[in-house]
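Undergrad: Sequence:
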Amino acid sequence: MEYRLIRQSRKTLSLRLDEQDGTVVVTAPRWISRRQIDAFVSKHADWIAKQQVRRQQKNALEATLTPKRVAELKARAKAELPPKIAAYAAILGVRPTGFKVTSAKKRFGSCSGKNSLCFSWRLMQYPEEAIDYVVVHELCHILHHDHSRAFYAAVSSVMPDYKARQKRLKVIPSDD
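Using the numbering used here, the letters of the sequence shown correspond one by one to residues 1 to 176.
The set of hints was computed from the structure by calculation and includes no laboratory data.
A portion of the hints provided could be inaccurate.
What the hints assert, rightly or not - Listed below are the simulated DSBU-like cross-link pairs for lysine-lysine, each with C-alpha atoms no more than 30 Å apart in a straight line:
no., residue 1, residue 2
1, K100, K11
2, K100, K74
3, K74, K167
4, K84, K167
5, K84, K170
Model the full structure from these sequences, guided by the hints.
TA: And the structure:
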């Protein structure tokens, strides 16, 4: 399998797909042999194939997003997310300082250091339970600005099935 190799001063091997062209990229310590790197890539061939299919599905979905569809998703986000934020914020006893809908491609939501929440309109393509999970996830960052055990305990206190909801975000939605 072909891959682009980046050697750095590091201790471990890492593997990713380039966001632009889908090339397999291996980041490796300077001291490790090419044979070890090849073995590492071979060992992860199934993961690579799965990620390549996932990337193709995402690209296909993006291609179907007409300006009209994007406008609909943005409007839905602006209408549906604030009531969800308010309801879950009340349960958690937190108050976000702001709310914004973005066009982020790599993350569904974020919480700034000043507790302002951002959500990508792309989130609105996913099932309701996944959307609710992202809202709760970001609100819990107001309590814990990390992904510690305490953070996930807060998420779980509101949404005991959060792991199943989280998995729904891994499935590329079909555009309906």
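Undergrad: If a hint holds in the structure, say so; if it doesn't, say that too.
TA: Hint by hint, here is what the structure shows:
Using a Cα cut-off of 30 Å, the hinted pair K100 and K11 is violated, with the two alpha carbons roughly 39 Å apart. Of the pairs offered as hints, the one joining K100 and K74 holds, with about 10 Å between alpha carbons and a cut-off of 30 Å not exceeded. Distance hint between K74 and K167 is fulfilled; the C-alpha atoms sit about 23 Å from each other, no more than 30 Å. This hinted pair checks out: K84 and K167 have alpha carbons roughly 20 Å apart, not beyond 30 Å.
Restraint check: the Cα-Cα separation between K84 and K170 comes to about 21 Å, which is no more than 30 Å; the hinted pair holds.
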